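These are the residues of each chain, in order.
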Amino acid sequence: MAEVPKLLAVMGDEDTVTGFLLAGAGHRDARSANYLIVDGKTKTSAIVDKFKELTSRDDVGILLINQNVAEEIREVLNLYDQMYPTILEIPSKDHPYSAEKDYIMKRVMHMLGK
Amino acid sequence: MSAQVPPTRMNQQVFKGKKKAADGGFKLLKKKADALKVRFRDYAKSIAETKQHMSTDAANAFFSLTQAEYAAGNFKQKLAEGAMTARVRVGAGVDNVAGVKLPVFTKYETGVAADNQSLGLVGGGKKIANVRVRFMDFLDMLIKLASLQTSFVTLDEALKVTNRRVNALENVTIPKIQGVLDYIARELDELEREDFTRLKMVQGMKAKQMAEEEARAEVDAANMAANKAGDATAAFDAEDDEDVVF
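These protein sequences, in sequence, are chains A and B. 0 is the number of the first residue of the first sequence in numbering that gives the first Met the number 0; add one for each residue after it. 0 is the number of the first residue of the second sequence in numbering that gives the first Met the number 0; add one for each residue after it.
Okay, chain A solo, but in the shape it has when bound (with noise of 0.2 angstroms):
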């Protein structure tokens, strides 16, 4: 079963994004980026345009997504249910991790409190 591996996709400000494509997350074919920089002027329909697109694609396996951004989708994140690509929440550089929020942890110490 030889699968193309998927791509890392990266929604986030722009120190995060520029330190991933850095790494060599970064991917920008005909259709589109797989990453998005968000800033103070980004508008959220953008924003949940962009995960929505990200999401469907088949070639992307993880998203990574600051955290603060993730807070400003929560509700598309709460009804996410696919189990590619996965969510993955990660700090920013002025916005520590907050393990509450993340909507992954939610349910790991839902079943750890248990």
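Among these hints, one or two may not hold up.
Unchecked claim - Here are the computed lysine to any residue pairs in the SDA-like style, where the Cα-Cα straight-line distance is at most 25 angstroms:
hint	chain 1	residue 1	chain 2	residue 2
1	B	Lys100	A	Tyr83
2	B	Lys18	B	Asp194
3	B	Lys143	A	Lys42
4	B	Lys44	A	Met104
5	A	Lys51	B	Gly110
6	B	Lys36	A	Tyr79
7	A	Lys100	A	Ser55
8	B	Lys29	A	Leu111
9	B	Lys205	B	Asp194
10	B	Lys36	A	Asn67
11	B	Lys44	B	Leu158
12	B	Lys106	A	Ser55
13	B	Lys29	B	Asp94
14	B	Lys36	B	Lys205
15	B	Lys106	A	Ile72
16	B	Lys199	B	Lys36
17	B	Lys29	B	Arg164
18	A	Lys92	B	Ser54
19	A	Lys51	B	Lys18
20	A	Lys51	B	Gly90
What the hints assert, rightly or not - Which chain B residues stay away from chain A? Per the calculated CB distances, all over 10 angstroms, these:
hint	residue
21	Gly16
22	Gln66
23	Arg185
Claimed, not checked - Partial chain A-side listing against chain B, Cβ under 10 angstroms, derived:
hint	residue
24	Gly18
25	Gly25
26	Ile46
27	Val47
28	Ile61
29	Leu78
30	Thr85
31	Leu111
Hints in this document: simulated from the structure, not taken from any laboratory. Note that this is a predicted model, so its numbers are computed, not measured. Ideal placement from N, C-alpha and C gives every residue a C-beta, glycine not left out.
Mind docking chain B on chain A? Use the hints.
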């Protein structure tokens, strides 16, 4: 509900067999559910720990970026321009754990040449290279975390399905089979009792018959004796005399 099963001994055997099979299956499924639960808990713990580490890795990565900016100025913009092909991808593999297929990610380097070699030529090249390293470490950890997360979610589903089957067996299938067994046992008992009662009745009737016959025989004998006493000619009845043999 459904048509009643004929209460025969053969069916009793058949359903005893079914109960045994269901009980066995129930035990196995319960074991599987317990094994999955243990794994599930382990994954939950791993995720919690790893996410904590991730915070540290992230902080380091971002710090190196700040340092690089200091040294090389604003290189971010140059980065986002130009063609871009992913040098790093993730392979979506499958791992079999406790009988469940869990998805795992492995880092895959495409071997595409690094396109932004020219970035740090003016200054701060080493710092930029450092950012690369830090973010690649960060990425490695994130890939591991992604595997943990998808496995976690898959295990969650598998656990739910197994628990549902265990509950179905325990609360529906096994009681149903037990119900049929009880019904058959009751019916067989009832049939036996009927037979027994009939037998008893017949015996009773036979006993009564015999008792009546005996009573009649006694009455006859008593009559005979009574007759003998009253009848003059009875003395000449030949019953008691020995036979004369010439």
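Here is what the structure says about each hint:
no.	hint	result
1	Lys100/B / Tyr83/A	holds (15 angstroms)
2	Lys18/B / Asp194/B	violated (29 angstroms)
3	Lys143/B / Lys42/A	violated (31 angstroms)
4	Lys44/B / Met104/A	holds (10 angstroms)
5	Lys51/A / Gly110/B	violated (29 angstroms)
6	Lys36/B / Tyr79/A	holds (24 angstroms)
7	Lys100/A / Ser55/A	holds (24 angstroms)
8	Lys29/B / Leu111/A	holds (20 angstroms)
9	Lys205/B / Asp194/B	holds (16 angstroms)
10	Lys36/B / Asn67/A	violated (33 angstroms)
11	Lys44/B / Leu158/B	holds (17 angstroms)
12	Lys106/B / Ser55/A	holds (22 angstroms)
13	Lys29/B / Asp94/B	holds (22 angstroms)
14	Lys36/B / Lys205/B	violated (70 angstroms)
15	Lys106/B / Ile72/A	violated (28 angstroms)
16	Lys199/B / Lys36/B	violated (61 angstroms)
17	Lys29/B / Arg164/B	holds (9 angstroms)
18	Lys92/A / Ser54/B	holds (10 angstroms)
19	Lys51/A / Lys18/B	violated (50 angstroms)
20	Lys51/A / Gly90/B	holds (22 angstroms)
21	Gly16	holds (37 angstroms)
22	Gln66	holds (12 angstroms)
23	Arg185	holds (43 angstroms)
24	Gly18	holds (4 angstroms)
25	Gly25	holds (5 angstroms)
26	Ile46	violated (17 angstroms)
27	Val47	violated (22 angstroms)
28	Ile61	holds (5 angstroms)
29	Leu78	violated (15 angstroms)
30	Thr85	holds (4 angstroms)
31	Leu111	holds (5 angstroms)
In terms of the numbered hints stated before, the structure departs from hints 2, 3, 5, 10, 14, 15, 16, 19, 26, 27 and 29, listed from lowest to highest.
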